[in-house]
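2 protein chains.
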Amino acid sequence: MSSYLKLQQKELELKYKEVLARYENLVKQGTALDMTRGKPGFDQMDVSDEIFALVSTASGFKNCEGTDCRNYGGLDGLIELKYLFSQIFGVDHSQIIVGGNSSLNMMFDTIAQAMTHGMGGEPWLLQGGVKFLCPSPGYDRHFSICEHFGIEMIPVPNTPEGPNMDIVEELIKDEKVKGMWCVPKYSNPEGITYSDKTVRRIAAMKPAAKDFRVMWDNAYAIHDLYENGDELLNIYNEALKYGNEDNIIMFTSTSKITFPGAGVAAEAASPFNVKLLKQRMSYQTIGPDKLNQLRHARMFPNFDKLKEHMRLHAKILRPKFEAVILVLESYLSGKGIAEWTNPKGGYFICLNVLPGTAKRVEKLCDKAGLKLTTVGATYPYGIDPNDTTIRIAPSYPQVEQVRAASEILACAVELAALEKLLNK
Amino acid sequence: MSSYLKLQQKELELKYKEVLARYENLVKQGTALDMTRGKPGFDQMDVSDEIFALVSTASGFKNCEGTDCRNYGGLDGLIELKYLFSQIFGVDHSQIIVGGNSSLNMMFDTIAQAMTHGMGGEPWLLQGGVKFLCPSPGYDRHFSICEHFGIEMIPVPNTPEGPNMDIVEELIKDEKVKGMWCVPKYSNPEGITYSDKTVRRIAAMKPAAKDFRVMWDNAYAIHDLYENGDELLNIYNEALKYGNEDNIIMFTSTSKITFPGAGVAAEAASPFNVKLLKQRMSYQTIGPDKLNQLRHARMFPNFDKLKEHMRLHAKILRPKFEAVILVLESYLSGKGIAEWTNPKGGYFICLNVLPGTAKRVEKLCDKAGLKLTTVGATYPYGIDPNDTTIRIAPSYPQVEQVRAASEILACAVELAALEKLLNK
Chain A
344 MSSYLKLQQK
354 ELELKYKEVL
364 ARYENLVKQG
374 TALDMTRGKP
384 GFDQMDVSDE
394 IFALVSTASG
404 FKNCEGTDCR
414 NYGGLDGLIE
424 LKYLFSQIFG
434 VDHSQIIVGG
444 NSSLNMMFDT
454 IAQAMTHGMG
464 GEPWLLQGGV
474 KFLCPSPGYD
484 RHFSICEHFG
494 IEMIPVPNTP
504 EGPNMDIVEE
514 LIKDEKVKGM
524 WCVPKYSNPE
534 GITYSDKTVR
544 RIAAMKPAAK
554 DFRVMWDNAY
564 AIHDLYENGD
574 ELLNIYNEAL
584 KYGNEDNIIM
594 FTSTSKITFP
604 GAGVAAEAAS
614 PFNVKLLKQR
624 MSYQTIGPDK
634 LNQLRHARMF
644 PNFDKLKEHM
654 RLHAKILRPK
664 FEAVILVLES
674 YLSGKGIAEW
684 TNPKGGYFIC
694 LNVLPGTAKR
704 VEKLCDKAGL
714 KLTTVGATYP
724 YGIDPNDTTI
734 RIAPSYPQVE
744 QVRAASEILA
754 CAVELAALEK
764 LLNK
Chain B
344 MSSYLKLQQK
354 ELELKYKEVL
364 ARYENLVKQG
374 TALDMTRGKP
384 GFDQMDVSDE
394 IFALVSTASG
404 FKNCEGTDCR
414 NYGGLDGLIE
424 LKYLFSQIFG
434 VDHSQIIVGG
444 NSSLNMMFDT
454 IAQAMTHGMG
464 GEPWLLQGGV
474 KFLCPSPGYD
484 RHFSICEHFG
494 IEMIPVPNTP
504 EGPNMDIVEE
514 LIKDEKVKGM
524 WCVPKYSNPE
534 GITYSDKTVR
544 RIAAMKPAAK
554 DFRVMWDNAY
564 AIHDLYENGD
574 ELLNIYNEAL
584 KYGNEDNIIM
594 FTSTSKITFP
604 GAGVAAEAAS
614 PFNVKLLKQR
624 MSYQTIGPDK
634 LNQLRHARMF
644 PNFDKLKEHM
654 RLHAKILRPK
664 FEAVILVLES
674 YLSGKGIAEW
684 TNPKGGYFIC
694 LNVLPGTAKR
704 VEKLCDKAGL
714 KLTTVGATYP
724 YGIDPNDTTI
734 RIAPSYPQVE
744 QVRAASEILA
754 CAVELAALEK
764 LLNK
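As you go down the protein sequences, you meet chains A and B in turn.
Add 343 to the 1-based position in the first sequence for the working numbering, that's all there is to it.
Add 343 to the 1-based position in the second sequence for the working numbering, that's all there is to it.
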């Protein structure tokens, strides 16, 4: 198939009529599909249901250290989970804080703490005019945190290896630039994994701001779709080589291992940062829900058990991802109007449509009963400068629905492109 | 028994020798008792253990609205719990936010939000020099939050009816005074309940600061030891009469209903405040642990079930409180060296010893193997100006231990008083 960009007006008109007919037919089917968020489906949650039997009167409520997990105490979480997360983060268990059900909350609180108490320096709020680097497209909820705290966001374009580090290294010369958001593995929304070179360059950064922090959101650390998943270099070990370990704060959670709403989140950092963070926490709470932590500790007594569990998720997710890719390939391949990623893990596929048509695609999908993540949401301030990025979240619907949704999406992409090319 | 304050030197010396001998005997017994915190005992936690069976594959994970509680979503909690908490708070369910496992965390976050985003006005941090009224003695963790955020604490003496409102009404003329901590029912540590008059005066306050907030921590709202517990006037309804409803933010939790570490916390406020708080929360989290909320909703399908459950706690706690009171009465009554409260609910008894001897009592108890809440902790900046207040927390040890602890305490109080009177 030759690219639409090379077709004559007449040929385009013919294509347009054909695609329009197909689209109208899809609209008529009256579908109602939702691919807005990276929510696991019920079948994925079912694979963790055995967890509920693991904490009861019969099994007792004490962890390996004899702590009654029903009562107060234990600011930074159960030791069992510190060890488990230490294998995900690749740092010592003493550098890990195990929290409640939301890593987003831990990130928010960390930024909130920086605003009111600083990160070893003056409170960011009192410094004023603080900025953050936002590799884009990225995770909308990271950007929202910046927006909430009035932190100016500077978009940084992504490459297939992660953020464009030439640009990053330039921008960090501004001492008002206090940090950077990263989803380094199976990134949201592109599904790419930072190359070793990118990780090393981030680890080696010497920002002008002494209180600069990389917010390293490793949300999809072990979320492979295939046996041979991407490998992410251990940034903490790299940062240590440059004496930059205080620059890095890492996050992860079991939201997409057990339950999105009732998992366990964790934060890892240098001893200096951990001390700083725990200080705040000692005022903020008496401790996390240790019973839910105990459930997780008993469910995953070791890292192998955890990895085995992730294979159950992969088995459910893989066909959904493959369904999207197959539909996109069969409808859009070679037409020069769209490109997409084909991630080996994570929760998203990123579709780049003909510049200037993403919002139109969203509208067309909506009319045909398919809700997509708001176009622009993956960019700071909700502005996709090229109006090109669409985040596909295939996890929640069932495979048949994913296929149907992808067909609507592919058709909308094609229709919007033809409209654009024909100036309709 | 005549007061020690009226005894002659010689009589005091005799008493001193007698009490010292008793104390030394107690030290020899080598006890190890802990009454530092208001932690429920294991027997109290046992009464809630049935909760674990209530959420499982067999029972399903959907609430009354059909929400799968395992997944993301539902920022402000399950509707069932909003209705349940609305009966505790006495406000409409739409004014309630149901959160995670810690009301302290909700209070911290509320103050943190005021610091960075204000409470309808400028951020408190940018206003600078913000102050808070701290009825004293009070809850140490309230005071710690102020300390963390650099909020200047102004102690306000308590009366048997609550904070001295003459003083409060004077202090709120200062527009830097932004709020006040209250534990209005079975207060920590005195166990007193604010009189209707006090509640009305708090509700009627017109502080100079337009962004003034009463932090109404109703932690012991339904925590009666006896059938006829104290009645607390509904402050929100009173505030409404004066158009002051935005001044009040209320908190409670099930930490001392189900589990200290794994209960459910809630916050209630005016529509204006709730909107403000939810706005922040929408950036902070995707939602609380709804599965733990579902457990609670199923455990307490209505308010009567909840009150019935509280009777189980009362049955366990009552003998512990009565043991303390009995020992204090038999050893200290009429000696003019100590006064104590006799609360009808809550978690604490407050013992006021001869001014200038509380720290000494703490030390003597420690030597005899009894750990008490740090003297001074119940006052802002940890300073009890009269060195007189001792918080007794009888919930955690078993009755026999409570009795033994009280005997050590009574003996230490007497010994410290005699030392003081004899200038030893």
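Honestly, the hints are just simulated from the structure, not real lab data.
Just so you know, not all the hints are guaranteed correct.
Remember, identical chains collapse to one label, so a pair may be satisfied in a single copy or spanning two.
[Unchecked claim] When the alpha-carbon atoms are kept at most 27 Å apart in a straight line, the in silico DSSO-like pairs for lysine-lysine are as follows:
{"hint": "1", "residue 1": "658", "residue 2": "621"}
{"hint": "2", "residue 1": "658", "residue 2": "360"}
{"hint": "3", "residue 1": "714", "residue 2": "405"}
{"hint": "4", "residue 1": "763", "residue 2": "710"}
{"hint": "5", "residue 1": "358", "residue 2": "763"}
{"hint": "6", "residue 1": "702", "residue 2": "519"}
{"hint": "7", "residue 1": "763", "residue 2": "658"}
{"hint": "8", "residue 1": "710", "residue 2": "549"}
{"hint": "9", "residue 1": "621", "residue 2": "714"}
{"hint": "10", "residue 1": "621", "residue 2": "474"}
{"hint": "11", "residue 1": "584", "residue 2": "353"}
{"hint": "12", "residue 1": "360", "residue 2": "371"}
{"hint": "13", "residue 1": "549", "residue 2": "767"}
{"hint": "14", "residue 1": "349", "residue 2": "474"}
{"hint": "15", "residue 1": "516", "residue 2": "621"}
{"hint": "16", "residue 1": "687", "residue 2": "648"}
{"hint": "17", "residue 1": "714", "residue 2": "516"}
Owing to the predicted nature of the structure, the values given are computational and were not obtained by experimental measurement.
* Hints violated by the structure (numbers, ascending) -> Checked against the structure, the hints that fail are numbers 1, 2, 6, 7, 8, 11, 13, 14, 15 and 17, while the rest are satisfied.
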